[in-house]
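Participant: Every number in the working numbering is 1 more than the matching position in the sequence shown, counting from 1.
Treat the hints with caution; some may be incorrect.
Unchecked claim - Below 20 Å or equal to it, Euclidean Cα-Cα: the simulated EDC-like pairs (lysine to aspartate or glutamate) are:
| # | residue 1 | residue 2 |
| --- | --- | --- |
| 1 | K255 | E63 |
| 2 | K255 | E74 |
| 3 | K60 | D284 |
| 4 | K60 | E226 |
| 5 | K92 | E74 |
| 6 | K200 | D227 |
| 7 | K29 | E77 |
| 8 | K29 | E247 |
| 9 | K203 | D33 |
| 10 | K281 | D215 |
| 11 | K72 | D215 |
| 12 | K68 | D293 |
| 13 | K60 | E49 |
| 14 | K200 | D144 |
| 15 | K92 | D33 |
| 16 | K123 | D293 |
| 17 | K60 | E77 |
| 18 | K200 | E226 |
| 19 | K180 | D215 |
| 20 | K200 | D215 |
| 21 | K255 | E66 |
| 22 | K92 | E77 |
| 23 | K68 | D33 |
| 24 | K301 | D235 |
| 25 | K109 | E247 |
| 26 | K68 | E254 |
| 27 | K92 | E108 |
| 28 | K72 | D33 |
| 29 | K123 | E108 |
To be verified - Estimated spans, in silico, between C-beta atoms of each pair:
| # | residue 1 | residue 2 | range |
| --- | --- | --- | --- |
| 30 | L76 | A251 | 20 to 30 Å |
| 31 | A251 | K146 | 15 to 25 Å |
| 32 | A34 | D266 | 24 to 34 Å |
| 33 | G202 | G36 | 45 to 55 Å |
| 34 | I218 | G36 | 24 to 34 Å |
| 35 | K184 | N249 | 51 to 61 Å |
| 36 | A304 | H111 | 28 to 38 Å |
| 37 | A251 | K92 | 15 to 25 Å |
| 38 | H111 | K146 | 15 to 25 Å |
| 39 | I290 | N35 | 18 to 28 Å |
| 40 | K184 | G122 | 44 to 54 Å |
To be clear, the hints were calculated from the coordinates, so they are not data collected in a lab.
Positions of the beta carbon are idealized from the N, C-alpha and C atoms, including for glycine.
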Amino acid sequence: MRHRNASLMMMTALPFLLLLAAVGCRSKTALDANGVPYTLVVAVYDGENPSENSRVLGKVREYLESKLNIKVEFLESTDYTTVIEAMVAGKAHMAYLSPFSYVLATEKQHLVPLVAPGVNGKPFNYRSYILTNPGTGLHSMDDVKARSHQLTLCFADPASTSGHLIPRAYLTSIGLDPKTAFKQTMFAGTHFASIVSVKTGKTDLGCAFQFSYDKAIREGLVRQEDLVILWTSDPIPESPICMRPEVNPAFTEKVREAFIRMPQDGHEAFHAFMSMYFPKQADSISYIIVNDTLYNGLRKIAAGIGDLTPTKK
2 MRHRNASLMM
12 MTALPFLLLL
22 AAVGCRSKTA
32 LDANGVPYTL
42 VVAVYDGENP
52 SENSRVLGKV
62 REYLESKLNI
72 KVEFLESTDY
82 TTVIEAMVAG
92 KAHMAYLSPF
102 SYVLATEKQH
112 LVPLVAPGVN
122 GKPFNYRSYI
132 LTNPGTGLHS
142 MDDVKARSHQ
152 LTLCFADPAS
162 TSGHLIPRAY
172 LTSIGLDPKT
182 AFKQTMFAGT
192 HFASIVSVKT
202 GKTDLGCAFQ
212 FSYDKAIREG
222 LVRQEDLVIL
232 WTSDPIPESP
242 ICMRPEVNPA
252 FTEKVREAFI
262 RMPQDGHEAF
272 HAFMSMYFPK
282 QADSISYIIV
292 NDTLYNGLRK
302 IAAGIGDLTP
312 TKK
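Please work from the sequences and hints to get the whole structure.
Facilitator: And the structure:
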């Protein structure tokens, strides 16, 4: 009888043990039978100010969890390449991507763009800067062309739109191939690092995101008189938030709606996030629906450059 009861207990416990084993073996990005994440894993770049970014993303996470009724986890990275690979390799369901990192990611993996910051129903735009230190004596891009072989050039992140793709395309268009035209070309890793590199004289020229430049001045990292803006790009469409395609479309739409509703339903989180870079515009910005074709112009620019591998030193 004792053995029979023990066998019965084992048979009764077996389904539970199997369930525990299945849960224990389930990957972090597993989907249920309907294609809905058990935990929504989101990859995000936080290279400029990781501590501030983590604090603000905590507010965004709480808002999304309240709207989606599932756990949300952010995978924070100090470079865009890691964010791209997380999406391509299926280590994240969703990502905040720069426009160029979105273009790079979609060369390897179809993604579903959800939203991007917008104003009055249209995509919000920003610009790229090429900066120098007053001590270089450079006053224009004509000066740069005349002295390029004596100058050092610094990009931000290789997958950055305003810190690499756009200024690189411009330099190429005026006959300055970054691989050959300068004394040395390098990547700083972040926009702030590029800005500081120019301020301190480590490099003669640096490329950066317009709002990183503004933020660096606001936070006292540099003063306006420490830098000279030599070139300003045409407007660049803002960064998309994207989902992997195998995620349930209805759930994807629910996530999109949560972002669209964030200015009203999660104002504190939304305002904190937008204020990191757009403090003056934070209350006029909203999330708007975007589609893949918005970034075709950047695809064309990237294709026109050709080889976008890291530059030679």
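Participant: Against this structure, judge whether each hint is valid.
Facilitator: Now for the hints, and whether the structure bears them out:
no., hint, verdict
1, K255 x E63, "holds, 16 Å"
2, K255 x E74, "holds, 17 Å"
3, K60 x D284, "holds, 17 Å"
4, K60 x E226, "violated, 35 Å"
5, K92 x E74, "holds, 12 Å"
6, K200 x D227, "holds, 6 Å"
7, K29 x E77, "holds, 15 Å"
8, K29 x E247, "holds, 15 Å"
9, K203 x D33, "violated, 51 Å"
10, K281 x D215, "holds, 11 Å"
11, K72 x D215, "violated, 34 Å"
12, K68 x D293, "violated, 25 Å"
13, K60 x E49, "holds, 18 Å"
14, K200 x D144, "holds, 19 Å"
15, K92 x D33, "holds, 16 Å"
16, K123 x D293, "holds, 15 Å"
17, K60 x E77, "holds, 15 Å"
18, K200 x E226, "holds, 10 Å"
19, K180 x D215, "violated, 29 Å"
20, K200 x D215, "holds, 14 Å"
21, K255 x E66, "holds, 12 Å"
22, K92 x E77, "holds, 12 Å"
23, K68 x D33, "holds, 19 Å"
24, K301 x D235, "holds, 15 Å"
25, K109 x E247, "holds, 15 Å"
26, K68 x E254, "holds, 12 Å"
27, K92 x E108, "holds, 17 Å"
28, K72 x D33, "holds, 14 Å"
29, K123 x E108, "violated, 25 Å"
30, L76 x A251: 20 to 30 Å, "holds, 24 Å"
31, A251 x K146: 15 to 25 Å, "violated, 54 Å"
32, A34 x D266: 24 to 34 Å, "holds, 29 Å"
33, G202 x G36: 45 to 55 Å, "holds, 53 Å"
34, I218 x G36: 24 to 34 Å, "violated, 45 Å"
35, K184 x N249: 51 to 61 Å, "holds, 53 Å"
36, A304 x H111: 28 to 38 Å, "violated, 18 Å"
37, A251 x K92: 15 to 25 Å, "holds, 23 Å"
38, H111 x K146: 15 to 25 Å, "violated, 41 Å"
39, I290 x N35: 18 to 28 Å, "holds, 23 Å"
40, K184 x G122: 44 to 54 Å, "holds, 46 Å"
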